[in-house]
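These protein sequence lines map, in sequence, to chains A and B. Position in the first sequence (from 1) plus 500 gives the number in my numbering. Position in the second sequence (from 1) plus 51 gives the number in my numbering.
Calculated from the structure, these hints are not laboratory results. All figures in this text were calculated on a predicted structure; none of them were measured in a lab. Take these hints with a grain of salt, some might be off.
As the list claims (entries may be wrong) - Covered stretches of chain B, going by a simulated chain A footprint (3 or more residues, C-beta under 8 Å): (1) 82-93; (2) 165-171.
Unchecked claim - Quick list of in silico lysine-lysine cross-link-like pairs, DSBU-like style, CA-CA up to 30 Å: (3) B:K181 to A:K613; (4) B:K175 to B:K102; (5) A:K708 to A:K686; (6) B:K283 to B:K192; (7) B:K228 to A:K816; (8) A:K813 to B:K228; (9) B:K181 to B:K192; (10) B:K179 to B:K168; (11) A:K613 to B:K102; (12) B:K264 to B:K282; (13) B:K192 to B:K175; (14) B:K276 to B:K331; (15) B:K179 to A:K613; (16) B:K67 to B:K120; (17) B:K102 to B:K72.
All C-beta atoms in this analysis are idealised placements derived from N, C-alpha and C, irrespective of residue type, glycine included.
Each chain, written out:
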Amino acid sequence: MVMNHDTRVYDNIVEMLPDEANPSPMVRINRLGATSGFPLYAKLEWMNPFGSVKDRAALGMLRDLQHRGALRNGRGLVEPTSGNTGISLAALGAALGYPVRAVVPERVPEEKKAILRILGAELDVVADALCPMPGQTGGGTINLAKTHAKAQPDRYVMPNQYENPENVLAHFRTTGPEIWRQTEGKITHLFVSLGTCGTVSGTSRFLKGRNPAVKVIAVQPSEGHDIPGLRNTSELDVSTLFDRTLIDDIVEIPYELACVRVLDLCRREGLLAGPSSGLVLEGALRAQTDGARGLGVMIFPDGLFKYVGYIAKHVKGITEEALF
Amino acid sequence: MPYAHPEVLVETDWVKENIGKPGIRLVEVDVDLQAYDAGHIPGAVGFNWQKDLQDQLTRDIISRAAFEKLLGGAGISPRDTVVLYGDNNNWFAAYGFWLFKIYGHENVKLMNGGRQKWLNEQDKTFTKDKPYHSPVLYTAKPPNEGLRARLSEVIGASGERNPNLVDVRSNDEYTGKIIAPPGMSETAQRAGHIPGAVSVPWSTAVDKDGRFKSAEELAEIYLKKGGIDSKKPVIAYCRIGERSSHTWFVLKYLLGIENAKNYDGSWTEYGNLVAVPIEK
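Please construct the entire structure, taking both the sequences and the accompanying hints into account.
Right, here's the structure in full:
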């Protein structure tokens, strides 16, 4: 048998990673504010083999390191992550034979830490400093990962998703072309959340290259939020990939709404989405209310299962006692 | 305009040149030793702010005897030049500097830009190897209480608005919007600031690379805009006393305000007092 996307037969899990020929699915929103004037489609990134949008950047960065010969002689990877990039890298590392060390902040959901351990990643959990520095959340994990790479250069190389142009290129090569093809060029609005900004920068650059009129709307949680993996623009100092010229509007949503929309997506659409997807949905629904016309695509970064504890913490009535 | 005491600052390049020279010792001071254990400047010993520099039974700085044991155990003699550096923009290293000065260590310096600057410079290295230094007998001086503000002094200062009080926390903490930074446990009963205190967040003292701003810029920030009278005594405070030691260092050594004190009780003491008013 040979690799075949139609029959979904693969020689290696890595072949399953998404691209234009094998796009992640897009599903129309039907019961939550559906209008004929502005249909909304969710691009389900949790359908990627390792469960999130980060599969794309992880593969792009890893392939680049392979081509540059940076992974020879048993050298592995060390990366700061709020979980998903670490999971993607650890799974790719498992498939391709590279050890992975993931550096995560303490507040990352326990499920993600557990998955990283199950995948065999070495895990550093960085306690939030006694007085965290405003605007520099994530600084501790980035610095610790850099420290490992600097102190043990023979053991580790750091892809550094916050500064690595391969993170942007991955979306320019895959996410953008997939959406263009899936919507037959009809996309008018892209709704996307901000983290490292690889997704927004790469996808926007591709789509605006095809049609400069495509509006790119970044949806960000209000300040003080605790949604794993997302950043408010006040926290974006850590990323060099943020390019404001590729974003038309930045919409701020009270972060507490993310979990409410997760329940809506689960209960009214059957979409088992995570909190960042809930936030993106809210941003798109607001644009719809404001009279947007055309075709909206929302990038849903990952799914529900890693956030059960998080949801229990944030949704009244869904307590851990009721769940477990 | 030079710093008032430029001798208390060294640059990363100076440290690289002087690693291993007799009489020069490097100490990394962090909130814990996770970063130090992962990698540090060759030859540096690591001090844990929470465990090594705080008394574990009384909320207090370590005793003179404990300080002598800590430094002697690390092979540091009172004649050594000690260069301190650390994470979080040198907050904990600045606290260490304050403690070294309290116990009268003559030659102590901060590495400008801290751990992060060294980390991001291509020509600098880190090691995981922990150095061995033969223990020595260290004799400290009696504590210089003149560097440390106590509660009664702070309450007095608040009433008279002299000495000047500087709140170095974030604006949201100063105005009482939040008790502690996001993600921190709320270790005070009230949110706000000490009456009469001016707000100058610690971070305004440093550039993007973590190095201190120039003397002119600092004078503009603290004296002109902040309204601090350099002829009067001044007290800096934050939440637990480490961000404020960073500002204390600026006020005393870079701007040359002779009578500058660090209030290490800070908001986690003041914000919990019964029958003492605060401002929002």
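(message) For each hint given before, does the structure comply? Return the numbers of the non-compliant ones in rising order.
(response) 13
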